[in-house]
Amino acid sequence: MPILIESLLPPWKLVQTWGVGGLLGVGYAPGTDLLLVGSHDGLGVFDVLKGERIAREREAEGYPDESTLLLEGIGLLAGQRIRTAGLHGGGLPLGAGDGIWHLELEPAIYSGDYAPYRGKACWQIRLIDGRSWVGREGRHLKTCLLYQSFDFRATGFSETGKSFIIATSSDLWMFSREEAV
Numbered sequence: 079m080p081i082l083i084e085s086l087l088p089p090w091k092l093v094q095t096w097g098v099g100g101l102l103g104v105g106y107a108p109g110t111d112l113l114l115v116g117s118h119d120g121l122g123v124f125d126v127l128k129g130e131r132i133a134r135e136r137e138a139e140g141y142p143d144e145s146t147l148l149l150e151g152i153g154l155l156a157g158q159r160i161r162t163a164g165l166h167g168g169g170l171p172l173g174a175g176d177g178i179w180h181l182e183l184e185p186a187i188y189s190g191d192y193a194p195y196r197g198k199a200c201w202q203i204r205l206i207d208g209r210s211w212v213g214r215e216g217r218h219l220k221t222c223l224l225y226q227s228f229d230f231r232a233t234g235f236s237e238t239g240k241s242f243i244i245a246t247s248s249d250l251w252m253f254s255r256e257e258a259v
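Okay, so the sequence shown: first residue is 79 according to this note's numbering, each after it adds one.
In short, the hints are calculated from the structure, not lab data. Idealized CB from N, CA, C, for every residue including glycine. The hints are all genuine.
Okay, the calculated beta carbon distance ranges per label pair:
(1) 139 with 218: 37 to 47 Å
(2) 248 with 191: 17 to 27 Å
(3) 156 with 192: 32 to 42 Å
(4) 85 with 154: 29 to 39 Å
(5) 229 with 94: 18 to 28 Å
(6) 159 with 209: 29 to 39 Å
(7) 186 with 88: 16 to 26 Å
(8) 85 with 118: 27 to 37 Å
Let the hints inform the model, and build the full structure from the sequences given.
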C-alpha cells in the first residue's frame, strides 16, 4: 500500500523502512528516539534517527500486556517497561512538542491505484506544518499526505520531537529531521 504519497515537507526525511511481519505494537523509550517493536516473531529495538535495528530477540514475548500496553525492553532498553501503541490500543504523541509539527490521522475514502480497494474506507496520515494555519478558512497550507491504507497500527512522534514513525501490520516507516528541537 502507498506511503509517501506526496513529497515530504523539509526538514523531514524518510530514514528507513523495515518489514515487520505480524507487528503488534510499538513504543518509544522515554526521552529517546529508540523504538521498541513487538511482533508475532518477538521483539526488536530500532534507532529511528539512524534507521537501524540495534537489538533483536525472536524468543522474547512480543505481545504487550493487554491492560497496561507495556512491553519489557531488550538490548539498550533491558530492564525498562515501554508503553506501546498498536493492535490493542494506546497512542503515541501526534505532536512533535515544538508547537509546529504534528500528524493528523483521519478516516477517508481510498483513492489509490489498487482497484479492489478504490472507494472503500481507509486511514490517511498527514504531516502538518502548524505555521501554515489559515485561520479564517480553517485549514493548513503546508501538509503532506504520507499514508493511505487499511492495515494501520500506530503513528506518532518520539518525546524528543526529532523522529516519528508509521507502523502497519507488516511494515515500519521511520522519519527524522536534522535540526534540534
